[in-house]
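Q: Chain order of the listed sequences is A and B. Numbered continuously in the numbering used here, the first sequence closes out at residue 366. Numbered continuously in the numbering used here, the second sequence closes out at residue 692.
Please note that the accuracy of each hint is not assured.
[To be verified] To spell it out: a stretch of chain B is covered by chain A in this simulated footprint if at least three of its residues, at any positions, have a beta carbon under 8 angstroms from a beta carbon of chain A; those stretches are: (1) 464-472; (2) 478-487; (3) 586-595; (4) 660-673.
[Claimed, not checked] Some but not every residue of chain A turned toward chain B, in silico, with C-beta under 7 angstroms: (5) Phe-30; (6) Thr-131; (7) Thr-147; (8) Ala-149; (9) Phe-176; (10) Val-238; (11) Ala-242.
[What the hints assert, rightly or not] Sample of chain A residues at the chain B side, in silico, Cβ under 7 angstroms: (12) Ala-15; (13) Glu-112; (14) Ala-135; (15) Phe-142; (16) Gly-188; (17) Trp-200; (18) Leu-201; (19) Asp-281; (20) Val-285.
Quick caveat, the hints were computed from the structure, so don't treat them as lab data. Ideal placement from N, C-alpha and C gives every residue a C-beta, glycine not left out.
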Amino acid sequence: MAKRKTGIHAGQGAAGWVFTTPAIAVLTVFLFIPIVMALWVSMTNWTGNVDPFGGGPNATFVGAKNYTALFLQDGLARSNFMQSLGNTFYYVLLVVPLQTATSLLLALIVNEKFLRGKSFFRTAFYFPSVTSSIAISTVFLFLFANTGAVNGFLKILGINGPDWFSDSRGLLHMFFGLFGAGDNPAWGQGQIFGRSLWDWLSGPSVAMCVIIFLAVWTTTGTFMLMFLAALQDLPVEVDEAAMLDGVSPWQKLRLVTIPMLKPALFLVITLGIIGTWQVFDQIYVMGKGAPAGTTMTPAFLSYKTSFTSNAWGSGAAIAFIIFLIIVTLTWMQRRLMRDDKTPGRLRKAIRASSLAHSNRGTGPTS
Amino acid sequence: MSTTTVPTHGSRPQDTGPGDAESGAGATTTGGANGTEPPAPGRRERHVSPKKLAGYTVLIIFAIIYLYPFFIQIATSFKSDPQATAHPLSLIPNPFDFAAWKRMFGLTSDTSVPIMTWLGNSVLVTVIITASRVFFDSLAGYALSRLHFKGRRFMFMALLAVMSVPGVVLLVPKFLIVTYLGIYDTYAAMLLPLLVDAAGIFIMKQFFDSVSVSIEEAARMDGASVFRTFWSVVLPMARPSLITLTILSFQGSWNEFTHFLVVTQSPELRTMVTGLASLTSGDLGSGTQFPLKMAAALLTTIPVAILFFVFQRHFVRGANEGGEKG
C-alpha cells in the first residue's frame with residue numbers, strides 16, 4: 001500500500017507514534033538499556049555496594065576477564081560453571097528425548113478417532129503446563145520427600161526409596177560401580193576444563209532425576225498439543241491410501257505418520273533444547289543447586305553468583321553465555337526451518353506457544 | 367481469509383478439525399481416518415478391540431500420573447503434619463484437619479505466613495498488569511499492523527529481537543535498572559517493567575494482519591479519528607484475540623516469579639508465588655509443614671486453574687468466530 005498523506009491515512013504518522021510510545025518506552029527502559037548496562041557490568045569486577053558505572057576499586061573495568069575466567073582460569077568460578085554445564089548436559093540429554101517421545105505417544109493416542117473422552121485426557125495432560133512452576137515444584141518436594149508419596153508407593157512394591165533430594169550420587173557413577181569401578185578410578189583422572197573426566201561422566205544425580213521427571217511431566221502437555229495440531233494437518237487421503245494398501249498400524253506409523261510429522265518433531269526437539277537451558281524456578285525451590293552442586297544449572301548459577309556471592313561481573317557474564325547458547329540454538333532452528341514445508345497452522349501454533357513461554361524465564365520447560 | 371491467525375498459547379491445537387467434538391463423542395461420524403478398524407459391521411458393539419483397550423490403558427495410566435499429584439496436594443492440605451508424613455499416599459484425610467488453612471487465613475496466633483498480604487499483592491499486580499497489557503499491546507499491535515508511519519518496519523524488527531531474549535538472562539539487567547532508577551523494592555519496580563510485553567504486541571499484530579481493513583476504512587471515511595476507529599470499531603472485532611491476550615497476561619503475571627524475586631526483598635511485597643517460594647525454600651519457620659505448603663501451593667494454583675477450565679471451551683469458539691469474520 002502506498003503511503004499517502006491525505007485521505008484515510010491522514011494523521012496516521014502521528015497516531016502510529018502515539019500508539020507505540022508506551023510500548024517503546026517500557027521495552028527500551030526495562031529491556032534494552034538494562035541489557036546494555038549488564039553487558040558493561042559483565043566486564044567489571046563490581047561487588048554490588050557502589051555505583052556500578054562509577055569506576056573505582058569495586059567497579060573496575062576488567063575487559064573479558066570474567067568470561068575467560070569461566071573457561072580458562074583455575075578456580076571456584078570455573079569449577080562451578082563447568083559443573084553446571086555438565087549437569088545441564090545430562091538434563092538436556094534425558095529431558096528432550098523423554099518429553100518428545102511421551103508427548104508424541106500421547107498425541108497419537110488422543111488423536112485416534114475411535115476413542116472417547118479425548119477432551120478430558122487432553123485437558124488432564126495439559127493442565128500441569130499452565131500452573132505455576134513454583135507451586136508444582138512445592139508439590140514435588142512433598143511427593144519425593146523422604147516419607148513422601150513416591151517412597152510410600154515404592155514401599156508397597158517392596159523397594160526402599162532413596163533420600164531423593166540429598167542423594168548426590170550420579171547415575172552413571174552408580175552404573176560403573178556395578179562393574180567394580182571404584183570411587184574416582186585412575187582412568188578418570190584426566191582434566192577437561194579443570195574438571196576430572198570421572199566428574200564429567202557422573203551422569204545426573206538422583207536429585208537431578210526428580211527435576212528431570214518434573215520437567216518432562218510439566219512440558220509434555222504443551223508439546224502434545226503441538227503434535228496434535230500437526231496430526232490434524234496431515235492430509236486424510238494419505239491415511240486412506242495407506243489403509244487401502246493394507247499396511248499394519250505399526251508400518252503406517254513408522255512409514256507414513258512419523259515422516260510426515262518430521263517438521264513438528266524437529267521443532268519440538270529444538271524448543272525442548274532451548275527450554276532446557278533455562279531451568280530456574282524449579283532449582284530455586286528444590287534445593288538451590290544442592291546436593292553437592294549436582295542440580296546447579298547455568299541460569300541458577302548466574303543468579304547465585306550475582307545476588308548471593310556478589311560477584312556481579314561473573315554472574316552477568318554467565319547470563320550472556322547462556323544468552324549466546326540460546327541464540328545459537330534458536331538461529332539453528334530458524335535456519336533449518338526456513339526451507340521445510342511446515343504447515344502454516346502448525347507453525348503458528350508453535351510460534352505462539354514458544355512466544356508465550358519465551359518471556360517467562362523458564363522456557364517451554366517450565 | 368479462511369482461517370484466523372490468532373496464535374494462542376496452547377489453544378490453537380484445540381481448534382480441532384471436524385469430528386473432534388467437545389466431548390469426543392460422535393467423533394467417529396466424520397473425518398476420514400476413522401477406519402483403522404477392519405470394516406466388519408457390528409464388530410465394535412460386540413467386544414472391545416485390543417487396540418482400543420491398549421489405548422485406554424495408556425491414557426488412564428498417564429492421566430493418573432498427571433492428576434494424582436494434584437489430588438494428593440488437595441488431600442494433604444487437610445491433614446495434620448504427622449498424618450501427612452505417615453500416610454502420604456492416602457487421598458482421604460482421617461481425620462480432616464483444617465489447621466493449615468486456618469493458619470493461612472490468619473485464624474491462629476501464628477502470623478509467620480501472611481497469606482492475605484501475598485494474595486492482595488498477587489491480585490493487585492495481576493489486575494494492573496493484565497489491564498495494561500491488553501490495552502497497550504493492542505494499541506501497539508494495531509499501529510504496527512495498520513498505521514503507516516516512519517520507522518514501523520524497524521520497530522517490528524526490534525520487537526522480534528526483543529522477544530528472543532530469554533527471561534533468565536534478564537535477572538541481573540532488571541536488578542541493575544530498578545536500582546539505577548531508585549525504585550528497587552517498590553510496587554513501581556514490580557509493575558512498570560511488566561506493563562507491556564513484546565509477545566502480546568506480536569499476537570495482536572498478527573491478529574490485525576488477518577482482519578480485513580474495509581470496515582475500518584469505512585469508519586475513517588465517515589470522519590472518525592484514528593483512536594476512535596481503533597476503540598469503537600477495531601477493538602470489538604478483536605474480541606477473540608483480546609480474550610487470548612487477557613488469559614496469557616493473567617497467567618503470566620499471576621505465575622511470575624523471577625522478576626519479583628530480583629526487584630523486591632521486603633516481605634510486604636511478596637506475591638503468592640514469591641511468598642510460596644520463600645515458604646518452600648525454608649525462609650519461614652522450621653519443620654516440613656507439608657500441609658501448609660500444599661495449601662499455599664493450592665491457593666496459588668486455583669485462580670489459573672479456574673481460568674483454564676472456564677476458558678478452554680471459549681478458546682475454541684473464539685478462534686472459530688475470528689475465522690469466520692476474517
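Q: Run every hint past the structure and note whether it holds.
A: Now for the hints, and whether the structure bears them out:
no. : hint    : verdict
1   : 464-472 : violated (count 0)
2   : 478-487 : violated (count 0)
3   : 586-595 : holds (count 5)
4   : 660-673 : holds (count 8)
5   : Phe-30  : 4 angstroms, holds
6   : Thr-131 : 5 angstroms, holds
7   : Thr-147 : 5 angstroms, holds
8   : Ala-149 : 4 angstroms, holds
9   : Phe-176 : 30 angstroms, violated
10  : Val-238 : 10 angstroms, violated
11  : Ala-242 : 10 angstroms, violated
12  : Ala-15  : 4 angstroms, holds
13  : Glu-112 : 6 angstroms, holds
14  : Ala-135 : 4 angstroms, holds
15  : Phe-142 : 5 angstroms, holds
16  : Gly-188 : 32 angstroms, violated
17  : Trp-200 : 24 angstroms, violated
18  : Leu-201 : 27 angstroms, violated
19  : Asp-281 : 5 angstroms, holds
20  : Val-285 : 5 angstroms, holds
Violated hints, in rising order: 1, 2, 9, 10, 11, 16, 17 and 18; the structure is consistent with all others.
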